[in-house]
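Construct the complete structure from the given sequences, taking the supplied hints into account.
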Amino acid sequence: MPSHLVEEIDKKTYNPNIYYTSLDPQSRSYRSKNKVSKNVTSSQFRSVKRVNYSLADMEAKLYQQHKQQQLSQDGNPKDANSPMSMENSVLKTSTKEALQKFTPEQILQSKRRFMELDTENVQDFTEIPALLSAITGVNKDKVDSNTTTISHLKGNTNVRSNKYKIDIPKSIHVSYKSTKPPKTRKKTTNRQAALKKILTIKRPLHFYIESMNQSDKSVILHNVYNKKYFKVLPLMIICSICGGFDSISGCVKCGDKICSLNCFNIHKETRCIHR
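Numbered by full-length UniProt numbering, the letters in the sequence shown go through residues 1 to 275 in order.
Don't read these hints as lab results, they were simulated from the structure.
The reader is advised that the hints may include incorrect statements.
[Unchecked claim] Computed list of lysine-lysine pairs in PhoX-like fashion (alpha-carbon distance at most 20 Å, straight line):
hint: 1; residue 1: K101; residue 2: K111
hint: 2; residue 1: K257; residue 2: K268
hint: 3; residue 1: K111; residue 2: K96
hint: 4; residue 1: K111; residue 2: K140
hint: 5; residue 1: K268; residue 2: K197
hint: 6; residue 1: K196; residue 2: K257
hint: 7; residue 1: K111; residue 2: K142
hint: 8; residue 1: K196; residue 2: K268
hint: 9; residue 1: K268; residue 2: K253
[Said to hold, decoys possible] Derived DEER-like restraints, expressed as beta-carbon distance ranges:
hint: 10; residue 1: N15; residue 2: F114; range: 40 to 46 Å
hint: 11; residue 1: R185; residue 2: S247; range: 28 to 34 Å
hint: 12; residue 1: A193; residue 2: V122; range: 52 to 58 Å
C-beta atoms are modelled at their ideal positions from N, C-alpha and C, and glycine is treated no differently.
As structure tokens, this is what we get:
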């Protein structure tokens, strides 16, 4: 790094609010001046003024300029220093610039949109037209007719999105080639539904026998041709649904005998007492 850019700060003459650039020849150190050749005359140097970069002075200068402009426009020196007058002047200038670029309806719409976005509770949206009419001086009905709410704007965007939505045909999903063969569709038969309907209407044989009198039972039992075979019959356990005798199991709730899962489902829907 060159030596002429590094300078020692003198604490006696140092002011933190003032900054001197290296472009200013007066702010350079005396060493750099001594390096200049003696042949160069003083007329070749330009007289450069001292540059002040104090932020406090710049802010005060801007404030004084703004104050003088306001005094020249309003002509009220008493109210010029108040913050309300400052805000009103800023609003006046902003509204003048906005009126040159946009229509009054667009400005009113933007103000309503800003107030709706600034509102925390959605239920307070109904009070915005009255508040906007009090601020701008426009009638409340005119505000409602010339402006729209955020919900209406969202609805318009949904309509636009639906308008430009691309409809994909259903046949596009079947257009790809597949090595797997298609599944065979099962024929819709009503056999099981008809069987369930019959079983719910008709009762099994043992219900009829239990409902008989003792005399009727004795007549039926004594008229059996092969009595030995009849004595063996009660020892055979059959399914209460289909009459099968392989892999017999019983219902936990009522105790009826069942041979398969299909018979159990039918028994559960139609025959089980505790269903």
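Right, here's what the structure says about each hint:
1. K101 x K111: 15 Å, holds
2. K257 x K268: At roughly 12 Å apart (the allowed maximum being 20 Å), K268 and K257 satisfy the hint.
3. K111 x K96: The given pair, whose Cα atoms are some 15 Å apart, holds under the 20 Å limit.
4. K111 x K140: Holds, at roughly 14 Å.
5. K268 x K197: Cα-Cα ~13 Å, so holds.
6. K196 x K257: 17 Å, holds
7. K111 x K142: 14 Å, holds
8. K196 x K268: 11 Å, holds
9. K268 x K253: 10 Å, holds
10. N15 x F114: 40 to 46 Å: Distance hint for N15, F114 holds at roughly 45 Å.
11. R185 x S247: 28 to 34 Å: The hinted range 28 to 34 Å holds for R185 and S247, with Cβ atoms some 31 Å apart.
12. A193 x V122: 52 to 58 Å: Hint holds: Cβ distance 53 Å, inside 52 to 58 Å.
The structure agrees with every numbered hint stated previously.
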